[in-house]
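The numbering of the sequence shown is UniProt numbering, which starts it at 1 and goes up by one.
Hint data in this document are derived by calculation from the structure and do not stem from the laboratory. Note that beta-carbon positions come from the ideal geometry of N, C-alpha and C, so glycine has one too. Treat the hints loosely; a few may be bogus.
[Stated by the list, open to error] Distance condition first, Cα-Cα at most 20 Å in a straight line; then the derived SDA-like pairs of lysine to any residue:
id: 1; residue 1: K102; residue 2: K142
id: 2; residue 1: K142; residue 2: G82
id: 3; residue 1: K64; residue 2: G110
[Unchecked claim] Label pairs and their computed distance ranges (CB to CB):
id: 4; residue 1: N27; residue 2: L111; range: 35 to 43 Å
id: 5; residue 1: E7; residue 2: K64; range: 30 to 38 Å
id: 6; residue 1: G15; residue 2: V59; range: 19 to 27 Å
id: 7; residue 1: L138; residue 2: E38; range: 14 to 22 Å
id: 8; residue 1: L101; residue 2: G130; range: 26 to 34 Å
id: 9; residue 1: P151; residue 2: R18; range: 28 to 36 Å
id: 10; residue 1: E119; residue 2: F42; range: 43 to 51 Å
id: 11; residue 1: A6; residue 2: A124; range: 27 to 35 Å
id: 12; residue 1: D72; residue 2: N39; range: 12 to 20 Å
id: 13; residue 1: E80; residue 2: M1; range: 31 to 39 Å
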Amino acid sequence: MIKIQAEANVPTEHGSFRMIAFSENENDWMPHMAIVAENTDFSKPVNVRFHSECITGEVFHSKKCECGQQLDAAMKYTQEHGGIIVYLRQEGRNIGIINKLKAYSLQEKGLDTVQANLELGLPADDRKFGVAIDILNLLDVKDINLLTNNPEKVKYVIESNIHLNSRIPLQIPANEMSKGYLKTKKDFFGHLLDDNDN
Numbered sequence: 001m002i003k004i005q006a007e008a009n010v011p012t013e014h015g016s017f018r019m020i021a022f023s024e025n026e027n028d029w030m031p032h033m034a035i036v037a038e039n040t041d042f043s044k045p046v047n048v049r050f051h052s053e054c055i056t057g058e059v060f061h062s063k064k065c066e067c068g069q070q071l072d073a074a075m076k077y078t079q080e081h082g083g084i085i086v087y088l089r090q091e092g093r094n095i096g097i098i099n100k101l102k103a104y105s106l107q108e109k110g111l112d113t114v115q116a117n118l119e120l121g122l123p124a125d126d127r128k129f130g131v132a133i134d135i136l137n138l139l140d141v142k143d144i145n146l147l148t149n150n151p152e153k154v155k156y157v158i159e160s161n162i163h164l165n166s167r168i169p170l171q172i173p174a175n176e177m178s179k180g181y182l183k184t185k186k187d188f189f190g191h192l193l194d195d196n197d198n
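Full structure from sequences and hints, please.
Have a look at this one:
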């Protein structure tokens with residue numbers, strides 16, 4: 001069972017957050033994180049984002065996805081309105097960075113993001129969000145507004161002991177490089193995206 005291993009206040013360009021590391025093992029180098037805005041009111045529905053790690057988008061600003069921009073938008077939103085970003089170590093929809101780069105190589109040959117994963121013998125999306133629910137329970141969060149376009153994340157909350165008050169869309173306009181990726185997210189995964197941005 002995961003538990004809180006460490007926490008500290010961390011100033012960022014978006015404001016100050018309480019960053020909390022969750023793991024079964026205190027020596028875990030890749031713990032899941034909760035990034036909590038200082039003005040979060042736990043007596044009301046808490047704004048929550050489940051965000052899976054994406055080193056290419058968040059660190060290297062890849063134009064192939066909108067992950068880095070979504071993280072920035074979520075940090076800005078929670079700073080303004082209060083809330084928590086549950087940061088999950090699920091790189092590449094949980095296939096890892098090496099397999100993700102292999103999938104990118106196949107995409108250069110014309111496969112889409114789902115086809116590339118399947119060609120490698122990997123699931124289209126291997127993420128699970130039960131650990132995000134565990135983290136919210138450890139933080140004693142009972143009622144949330146979920147920042148997401150992903151119906152699978154909505155499903156996890158609905159089937160949990162946490163009440164879903166509302167879903168808040170978090171859509172980033174497509175660029176020329178990400179249009180196909182976002183279209184696949186909508187068509188294959190059922191993401192709730194406006195047609196104008198695909």
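Comparing the hints with the structure gives:
1. K102 to K142: violated (40 Å)
2. K142 to G82: Measuring from Cα to Cα gives roughly 15 Å; hence the hint holds.
3. K64 to G110: Distance ~14 Å between K64 and G110 Cα, so the pair holds.
4. N27 to L111: 35 to 43 Å: holds (38 Å)
5. E7 to K64: 30 to 38 Å: With a Cβ separation near 33 Å, E7 and K64 satisfy 30 to 38 Å, so the hint holds.
6. G15 to V59: 19 to 27 Å: holds (20 Å)
7. L138 to E38: 14 to 22 Å: Since L138 and E38 have Cβ atoms about 19 Å apart, the given range 14 to 22 Å holds.
8. L101 to G130: 26 to 34 Å: Distance hint for L101, G130 holds at roughly 27 Å.
9. P151 to R18: 28 to 36 Å: holds (29 Å)
10. E119 to F42: 43 to 51 Å: The hint (43 to 51 Å, Cβ to Cβ) holds, given that E119 and F42 are roughly 45 Å apart.
11. A6 to A124: 27 to 35 Å: holds (34 Å)
12. D72 to N39: 12 to 20 Å: holds (18 Å)
13. E80 to M1: 31 to 39 Å: Because 33 Å falls inside the window, the suggested range holds.
When the structure is compared with the earlier hints, a violation turns up for hint 1 alone.
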